[in-house]
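The listed protein sequences correspond, in order, to chains A and B. No gaps in the numbering here: position 1 of the first sequence is 1 in the working numbering, and each next residue is one more. Position in the second sequence (first residue = 1) + 1000 = the working numbering.
Think of the hints as simulated: they come from the structure by calculation, not from any bench. Computed from a predicted model, the values in this text were never measured in an experiment. Glycine included, every Cβ here is placed at the ideal spot set by N, Cα and C.
Under 10 Å between C-beta atoms, here's a sample of chain B residues computed to sit facing chain A:
id : residue
1  : P1125
2  : A1128
3  : A1152
Each chain, letter by letter, is given below.
There are 2 protein chains.
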Amino acid sequence: MRISELSAASGVPLPTVKYYLREGLLHPGEQLAATRAEYDETHLRRLRLIRALLEVGKLPVASIKKVIEAVDDHSLPVHTMLGTAHYALAGEVPSATQDPEWDSAQAEVDQLISAFGWRIESWAPPRAELTEILSRMRKLGMKPDLRPYAEAADKLVTEVEMNQISFDGPRDAAVEALVLGTILYGRAFDALRRLAQESESARRLAP
Amino acid sequence: MRISELSAASGVPLPTVKYYLREGLLHPGEQLAATRAEYDETHLRRLRLIRALLEVGKLPVASIKKVIEAVDDHSLPVHTMLGTAHYALAGEVPSATQDPEWDSAQAEVDQLISAFGWRIESWAPPRAELTEILSRMRKLGMKPDLRPYAEAADKLVTEVEMNQISFDGPRDAAVEALVLGTILYGRAFDALRRLAQESESARRLAP
Chain A
1 MRISELSAAS GVPLPTVKYY LREGLLHPGE QLAATRAEYD ETHLRRLRLI RALLEVGKLP
61 VASIKKVIEA VDDHSLPVHT MLGTAHYALA GEVPSATQDP EWDSAQAEVD QLISAFGWRI
121 ESWAPPRAEL TEILSRMRKL GMKPDLRPYA EAADKLVTEV EMNQISFDGP RDAAVEALVL
181 GTILYGRAFD ALRRLAQESE SARRLAP
Chain B
1001 MRISELSAAS GVPLPTVKYY LREGLLHPGE QLAATRAEYD ETHLRRLRLI RALLEVGKLP
1061 VASIKKVIEA VDDHSLPVHT MLGTAHYALA GEVPSATQDP EWDSAQAEVD QLISAFGWRI
1121 ESWAPPRAEL TEILSRMRKL GMKPDLRPYA EAADKLVTEV EMNQISFDGP RDAAVEALVL
1181 GTILYGRAFD ALRRLAQESE SARRLAP
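Using the sequences and the hints given, assemble the complete structure.
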């Protein structure tokens, strides 16, 4: 298809498509003549991925470039490619503080990780994030028990979310599914928790 | 205690304590002399609540005022007071759009709510939020099944979170516990989901 047809089919405005081409986010079409290039399914898929990273993942263009590089580097195994996207979504990672609260929270997070047999890189952003949250909860006087939350997360991820990603299809599509699933199921769960809270508060207090 | 002791005990800087007094967020101490007022436990609890709303809930001062008004209005039942805080945390609520996707998503959300026997106000922010997320997921071509998420949310809220709020103690403390629990367990669950995703991706793809 022509670039105007690519724009129409994807819903991405023509100047934006051209911008992605200039930035190297979108690969060039096949040059048929000096003023005409042919675009195909792979371009449509790439535009879907860019839109997911931009609009749902809220990633800046620099981070999107890194994710796209990992998608295009076919020497990278799928797990590594997905990890690049996954870590990019994490935003700013809290850094360890020099206090005993941090160390004990980190130890508890690591115990939880090993209790579930999870395979996690030591530099994984959610490991530091969970440590920060747990240490914060303790400083505020809460006595959180994260185990039931970890169980629920494990079950939802292994039984629902990961089944919705096709790992042996196009690399763009796998990353897109991971980004959409991570962000949108996360937001949906948050809204569901708030609904359950409202209802439970009504049940206990306004019978 | 004197105002300087209140500042030291709460960890809130003295100028900030004075600002909260001027703004009416903190109730005046008992005036013992022209230049001396006495503060007590209720002031400490109020400062904890303000900090929770500000630092964890990230609420603007205008919203904090509304929540504090509900706490101070003892004619409001506890459920209504908690609801005021809960809805304040929701931020901007998406408004219904005039398309069939929104209507069908709204219908599915309402089916879910009634399947779980949840008691939810029709104007509850998470009802509109979930509708917006579901309709967005569908427009992006996802086929989400929210039921397992609703089940997990229901279980965690009724069996863990709501048990950590003391409903018959001081009103400040109940609202503080609700705010901390809503935000921090939410963030913890999100980090746990990401850990489970990383591990499951490793298990499936890099055995």
